[in-house]
Each structure stands twice: as C-alpha cells, then as structure tokens.
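> Add chain B to chain A, keeping to what the hints say.
The primary structure of each chain is shown beneath.
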Amino acid sequence: MSNILTVDDSMSVRMAIRLALSGAGHAVSEAADGKEGLDRASSTKFDMIITDLNMPNMNGLEMIREIRKLPIQAGTPIIFLTTESDEGMKQQAKAAGATGWLVKPFVAESLLKVTRKVLGQ
Amino acid sequence: MSGQDPIAAFRVEAGELLDATEQALLDLSHDLESRALIDTVFRGMHTLKGSGAMFGFDALAAFTHHCETTFDSVRKGLIPATAELVALTLAAMDHMRTLVDDRDGSSASAVGEDLLARLHALLGNAHASAATLSDGEEASRVGPAASCLGHQSWHVTFRLPSDALTNGTNPLILLDELRDLGGTNLAVDLSAVPPLDELDPTQCHLGWALDLPASVTREEIEDVFIFVIDDMELSIEAIGNQAEAVGTSGDALPASEDLPIKNSSQVVPVAEARGSPLSRPASESVRVPADRLDLLMDRVGELVIVQSRLAQLTSNGVSGPAGELALRSISEEVERLANELRDTMMVLRMVPIASLFGRFRRLVHDLARETGKSIELETDGESTEIDKTVSERLADPIVHLIRNSCDHGLETEEDRIAAGKSPSGRLRLSAQQAGGEVLITIEDDGRGISRERVRAKAEANGLIQPGQVLSDSELLQLIFQPGFSTASQITNLSGRGVGMDVVKRTIEGLRGNIDMTSEPGKGSVITLRIPLTLAIIDGLLVRVGNGKYVIPLAAVEECLELSLEEDIRSRGRSMIQLRERLVPFLRLRELFATGTRPDPYQKIVVIATGGERVGLVVDQIIGSHQTVIKSMSSLHRSIPSFSGATILGDGGVALILDVVQLVALGQSHEERLRAAG
Numbered sequence: 001m002s003n004i005l006t007v008d009d010s011m012s013v014r015m016a017i018r019l020a021l022s023g024a025g026h027a028v029s030e031a032a033d034g035k036e037g038l039d040r041a042s043s044t045k046f047d048m049i050i051t052d053l054n055m056p057n058m059n060g061l062e063m064i065r066e067i068r069k070l071p072i073q074a075g076t077p078i079i080f081l082t083t084e085s086d087e088g089m090k091q092q093a094k095a096a097g098a099t100g101w102l103v104k105p106f107v108a109e110s111l112l113k114v115t116r117k118v119l120g121q
Numbered sequence: 001m002s003g004q005d006p007i008a009a010f011r012v013e014a015g016e017l018l019d020a021t022e023q024a025l026l027d028l029s030h031d032l033e034s035r036a037l038i039d040t041v042f043r044g045m046h047t048l049k050g051s052g053a054m055f056g057f058d059a060l061a062a063f064t065h066h067c068e069t070t071f072d073s074v075r076k077g078l079i080p081a082t083a084e085l086v087a088l089t090l091a092a093m094d095h096m097r098t099l100v101d102d103r104d105g106s107s108a109s110a111v112g113e114d115l116l117a118r119l120h121a122l123l124g125n126a127h128a129s130a131a132t133l134s135d136g137e138e139a140s141r142v143g144p145a146a147s148c149l150g151h152q153s154w155h156v157t158f159r160l161p162s163d164a165l166t167n168g169t170n171p172l173i174l175l176d177e178l179r180d181l182g183g184t185n186l187a188v189d190l191s192a193v194p195p196l197d198e199l200d201p202t203q204c205h206l207g208w209a210l211d212l213p214a215s216v217t218r219e220e221i222e223d224v225f226i227f228v229i230d231d232m233e234l235s236i237e238a239i240g241n242q243a244e245a246v247g248t249s250g251d252a253l254p255a256s257e258d259l260p261i262k263n264s265s266q267v268v269p270v271a272e273a274r275g276s277p278l279s280r281p282a283s284e285s286v287r288v289p290a291d292r293l294d295l296l297m298d299r300v301g302e303l304v305i306v307q308s309r310l311a312q313l314t315s316n317g318v319s320g321p322a323g324e325l326a327l328r329s330i331s332e333e334v335e336r337l338a339n340e341l342r343d344t345m346m347v348l349r350m351v352p353i354a355s356l357f358g359r360f361r362r363l364v365h366d367l368a369r370e371t372g373k374s375i376e377l378e379t380d381g382e383s384t385e386i387d388k389t390v391s392e393r394l395a396d397p398i399v400h401l402i403r404n405s406c407d408h409g410l411e412t413e414e415d416r417i418a419a420g421k422s423p424s425g426r427l428r429l430s431a432q433q434a435g436g437e438v439l440i441t442i443e444d445d446g447r448g449i450s451r452e453r454v455r456a457k458a459e460a461n462g463l464i465q466p467g468q469v470l471s472d473s474e475l476l477q478l479i480f481q482p483g484f485s486t487a488s489q490i491t492n493l494s495g496r497g498v499g500m501d502v503v504k505r506t507i508e509g510l511r512g513n514i515d516m517t518s519e520p521g522k523g524s525v526i527t528l529r530i531p532l533t534l535a536i537i538d539g540l541l542v543r544v545g546n547g548k549y550v551i552p553l554a555a556v557e558e559c560l561e562l563s564l565e566e567d568i569r570s571r572g573r574s575m576i577q578l579r580e581r582l583v584p585f586l587r588l589r590e591l592f593a594t595g596t597r598p599d600p601y602q603k604i605v606v607i608a609t610g611g612e613r614v615g616l617v618v619d620q621i622i623g624s625h626q627t628v629i630k631s632m633s634s635l636h637r638s639i640p641s642f643s644g645a646t647i648l649g650d651g652g653v654a655l656i657l658d659v660v661q662l663v664a665l666g667q668s669h670e671e672r673l674r675a676a677g
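Protein sequence lines correspond, in order, to chains A and B.
Heads up: the first sequence begins at 1 in the UniProt record's numbering, then just goes up one per residue.
Heads up: the second sequence begins at 1 in the UniProt record's numbering, then just goes up one per residue.
Be a bit skeptical, because a hint or two may be false.
Think about it this way: if two alpha-carbon atoms lie no more than 35 Å apart in a straight line, the pair counts; the simulated DSBU-like pairs of lysine-lysine are [claimed, not checked]:
1) B:Lys-603 <-> B:Lys-630
2) A:Lys-35 <-> B:Lys-630
3) B:Lys-76 <-> A:Lys-69
Quick list of the computed label-pair ranges, beta carbon to beta carbon [claimed, not checked]:
4) B:Thr-202 <-> A:Met-1: 45 to 51 Å
5) A:Asn-57 <-> B:Pro-482: 50 to 56 Å
6) A:Gly-75 <-> B:Ala-110: 50 to 56 Å
7) A:Arg-116 <-> B:Ser-329: 57 to 63 Å
8) A:Ser-42 <-> B:Gly-372: 54 to 60 Å
To give a feel for the contact side, a few chain A residues facing chain B, derived at Cβ under 10 Å [said to hold, decoys possible]:
9) Ser-12
10) Met-15
11) Ala-16
12) Arg-18
13) Leu-19
14) Gly-25
15) Asp-52
16) Leu-81
17) Ala-98
18) Thr-99
19) Trp-101
20) Val-107
21) Val-114
22) Val-118
Everything labelled a hint here was simulated from the structure, so no lab data went into it.
Every residue gets a Cβ at the ideal spot worked out from N, C-alpha and C, and that includes glycine.
Just chain A, same shape as in the assembly (with noise of 0.2 Å):
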C-alpha cells in the first residue's frame, strides 16, 4: 500500500482518481490546488504526488518546482496530468520536475499503469 496524493481542482477527477488507487489498496490524500498540495506535501512524506498542471492559486509547473525544493519530498515521483497535445507542457513540467505524465482523457486502468510503472508494484 502505497501513500498517494492527487492534487486537481476538478473534484470528479480526484473522486475517480481515489476511486481507482484506493480500489487497488492505496491509501489517497487530496489537495484541490497547487497551494494546498504544496502544504500536505511540506507535512506529510507521499510515496507519490498525482497532480493537474492547470490549477487556481497555485498552478502544477509551480508547484512541482516547490515540492522539489522540500527535503521531505526527495526522490518522490510526481506524475502530472494534461491534455494538451502540443509538447511544450510536457517539457516544462518534466524541467520543473515532473517524474511523468498521464494524459486526460484516462482510464482507470492506464492511471494503475502509471502508478504500478513508477512505485515498481
């Protein structure tokens, strides 16, 4: 079992996101924008961080910045959603930090995928 935050302002994406990672014995923590997840992730150590790039308060690319910075997040992998097609989000978030990438619309499966590729379960 693995400790996993979702940071996304759409409260559906975190419902399904739950859903899915509790359903395979992850326990889940949500954060509803980049500045609240920065907060739980300045206080609590995750074994990984799921997070929306297009977020009020605080967008994604910032916050993955400032998780990196954080002493307590070290080496945690940060997988970050988007829907854009075009490349140039990718590569900022991957600069800023990002460990990987699931692309919206996904399914519950690909999401455990992901998760299962980057925690080695």
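Chain B in isolation, oriented as in the chain A frame:
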C-alpha cells in the same frame, strides 16, 4: 459530497463550472478586451472538455472542443471577442448543459450542429479546419505499429538523464520492469562515475546494458522508458539483424478503451425537460469549508467529554448537594453544547446567495435582448448566506419577480428618455442578513405600479367592490391575490401562467413574507423576508387552555397583559389600543374551542407580519423555546392556523402557529367589524 459516484460528482461540478464560465462571459460582454476574462472562459471550456471526456461525456467533450478552440483563438489574439460571439457562446453553454444531463447527446444533436454552424459562420473559414479533434489527440490513440521480427534477441544499453533520481525516477524499478520482460546479462557501466570527492549523490551516473528476448517488441522496451526516453541515451539493437537507432516516440499511454466506470441506472433527463438555464436541477451536495467541519468536530469532541463526565457521575451516584451541583453543571454544559451544535449544523447548510444571484444575471441579459430594453443589473450582498434548500426554493419566485420588473416595470429606452430618466433601466438585487432573517430586495427604477390600473383590474376580476375604500398598501396587496393576474396580461416573458399569488405562497411556504412599495414614475421595491433556516426556529411557548403552542419569536412584537376589566370592556370589539393604534386581537381559547375557563390574567402576544399587527390572547406565556419544526401529517396539513408541530422537553407536542394565517384572520375580523359599523 455526493457519495462515490464520479459521474454524479462530474455533473455537479460541470454545473458549477458552466455557471462560473457563464458569469465570465457576461462580464466579458461589458469588457470585450479583458484578457483575464477571456482566459477564464477558455480555462472553463478546457476543463469541461477534459473532465467530460474522462467520464464518457464524449458528445460534450466534442462540442466543447469547438468552443474551446474558438476561445483559444481569441486568447491568442487571432480573432476579436465580439458581442455576437458572447451571445452565441452563451447559447452554446445552454447546449453544454443539455449534454451534461444527456450523456450521449442524441436528443439534441441538431441543436449542437446548428450552433456549430453558426459558430463557424461567425469565425469565417479561417477556423473551419480546427473543427475536428486535434491531430495530436487522435494520434495518441493509434495503437503501436507492428514491430520488426526475424531477429534473435535485443541488446539494450541505456543511461538515464542525470537528474532522473531527483525527478523521481527509480532506476531499480526500471530494471525490475526489464527483468519482468525477460532481461538477462545485465551489466553496469561505471565509467561515468566521478571520483568520490566530486560525486554528487543526487545525480545518476550509471549506465546499464542487457539482453532481452526477441518475443518482446521494441514498443514494449521503449514503453519501459516512456517518461525519460526524450532525455536519455538509449540504444535498442536487434541481434542477428540490422542495428537500429532509436528515435523519440511514446507520446502517451493508449487511452482508447471505454471508461470502466458504470453509469448504473441513472435516469437521464431528456433535453426537453429543461426549458431555460434557470430550471437547473438542484444539486444534492453541499460544499462545506473545512474550518466549519473542524468546528463541528470540536463540538462533538466536547459532547463526548461531557458524556463521560455524566457517566462518571451516575456511576458514583448522584447524592447530596455536591452531586446535584455537579449534575446541574453538566446539564448547563449540555445545553450550551446543544445550542452550539445546532448553530454549527445550521452553518454547514449555508451557501452564499451569490450562487442564486449569479443565475439572474443571465436572465436579465436574455430579458434585455428579448424586450429590446437596456437593463443594468446591480447586485449587492452576495456573500449573505442562506440555507441551501431555501436558496433553491427561492429561485423560481425571484425569477418571476425579475421578469415582472423587466417586462412591466422598466420602460423602453425612448419612454425613459421622454420621462427624463437615464436611457438604461436599473434593476437592483440585494441581500442582507437581519437577525434570523435574510432580506432580499428587488428594486427597479421603472414606471412603478399604477394604482388606477390595479384598482380597475381588481374590480374587473371581482376582487373588490367598485368604489371600495382601500388603503394604499391594501391596494398594492391586491396584486398578490389569487385571480389578480389574468391571461390577457401575460406576455411572452412573464407568460409562465404564474401569478404573484403563487410567488407569495411560495415565499410563505418558506415562512417568509413579501412586501411591496411602489412610487408611480419612480419604480418599485419588492422585499422578501426569509428565515435563515427551515429546520429550527426560536419560538415563544404559550399555553391556551390545556394545550401548548409555539409562536415564531421573529414575529412577536410584544407581550401585554389583558386585565379582566379590559377584557370585559373590549368584548364584542376585540380591539385593544396600543400606542395610538387599535390592534385587533383573537382569543385563541375561543378560536381553538378549548372549552376551558380563561385564566384570570390573560396575556396578549402581539404578532406582526407585512406591517399588519394582530394580538393573540393566551392563558399563559411560558417562555422562549428552541423549536425543531416537524411538518404536519398529510391529514392535518390543510388546517390553517398551524404551520407545524414540535416536541417539547417533557415529550408533549406543541403546535406551531402560522403567523401569516392568523394575522390574515385577525384582519378579516377587523374588516367585518368595520363593515358592521
């Protein structure tokens, strides 16, 4: 929260998103240059498309895509935002709402095609090519190409990007994956590892080489490295075949399967059921700020502590003055907590009235277009909070009142100029909290209500006798009488066949009341007074005969004593003098036919609503009482004078008096007396 169904959650969220985007569009119509608003609209469409596709709302995603593309062009400055574009996009948003309700969108595809045709016509041919789902998205769904066969095995060498470790890539997991694919002969390349004093332990300095069986496809190997493949060194050589260099690939995970989320047996409403954007179904979840939940948790925690104190006290035995004192302290504590819990619970149900007001901006926008009038809507006090259920039930009455104001109240531009007013009509919607009530006012600066026309109409409809003497407020109250509104008056706009009497009934059903003032030529003000919550009220507990009754405290003006002499003197008249005013009163003992003798010192509770006062004669005033309202059974619901019932501390039942009905009854008594001379 709406349970565990992401589709239901998506519907709620999509509704909110559409509301917010619509607000931005309406703001944009006043400020076509605003980048921030264009961005907001674009973002709204973008999110809607993305989440829509996730939950199988393909028709919605495909349709929204076009609007998103349009606003992307606006955002990039390729096309200007125009009033026509905003109006068309608003219409498109209505269609999106339909598609949110109706997932496959089959019932309204013609509407969608028509809207898209208009959108494309507006944009010209320049953007017609952007109409299909973008190529990138299509490409990501194409399955992997067939791999080349005919070789013995693969030899793979790779070196991860140096920041792979800090970016969360774990080489051990990649090696595990390669092992699972059948990797053998793993060798580590240490050549790039620097001397110890120069070593940065957060960097990845190692390289690896291994063999994989031919049964594995190239795509499967590349898939292992999917997240790092662009930035790493990777060579995949087919042994026993021509060596191949590796290009970049692996854009995304395949995402072509259908969503595994079941749509259960949800009844999907047909598109036809939603006439206007205002008939949105009430969402069943409430968003609660976390600090309010924390507060509730604190209270519950305190309750648990008090409970354990009580348990300890009872096990020690409550005896002697010390025990009694302890018990009393616990009782006081429980009382305080019950009050606080009640307040906290009520606050959880509160939503800002902004969500309600937000819908009316669109309504006024549409009404202005339909009537050709210029109307400015001002709103105020949007942060005022109100019970969620109350807020939902208020929507229809307020829609009706706004329609009335726009249709009958506000004049056309020419008429306004002729009357020396500003060309655009002003409609003001405001809310404020006053004690346990919320005051909502709908104010227009239109032509006001013509007393002559009201009188003529009321006489024609037989509501009053020709020439009957009425006070100004009585005359205005006629508007709220059933049968006042007639078909001849109903235009396209206010033509919902609903009269003001229905508005009044709905408001009264919420234990609120409606009041109207109007100055001919200057405008009208309608004030709604709505209790904050439906479930619990502060009441005044009284006794009449052997029965106990609750009078809503908000309606109570004062309590007086009715001395025996005054009682006898007033007999037959049933009026008391209260500071220069005669106030009619009702003897509840007689009204309820209790058959008991009156107490020697009876009390009068003066209640007021809508500016009218009535005294209620009771035997005893017991005191204020926290009243949890229970509705009457269907058998008893039709009895006027009572609006509900409550259970008292001793287990007895007290009926809650219906203030509005009783005041009306008192007034009619007064009128009868007046008529009798």
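> Flag every earlier hint the structure violates by its number, smallest first.
Of the numbered hints, 2, 4, 14 do not hold.
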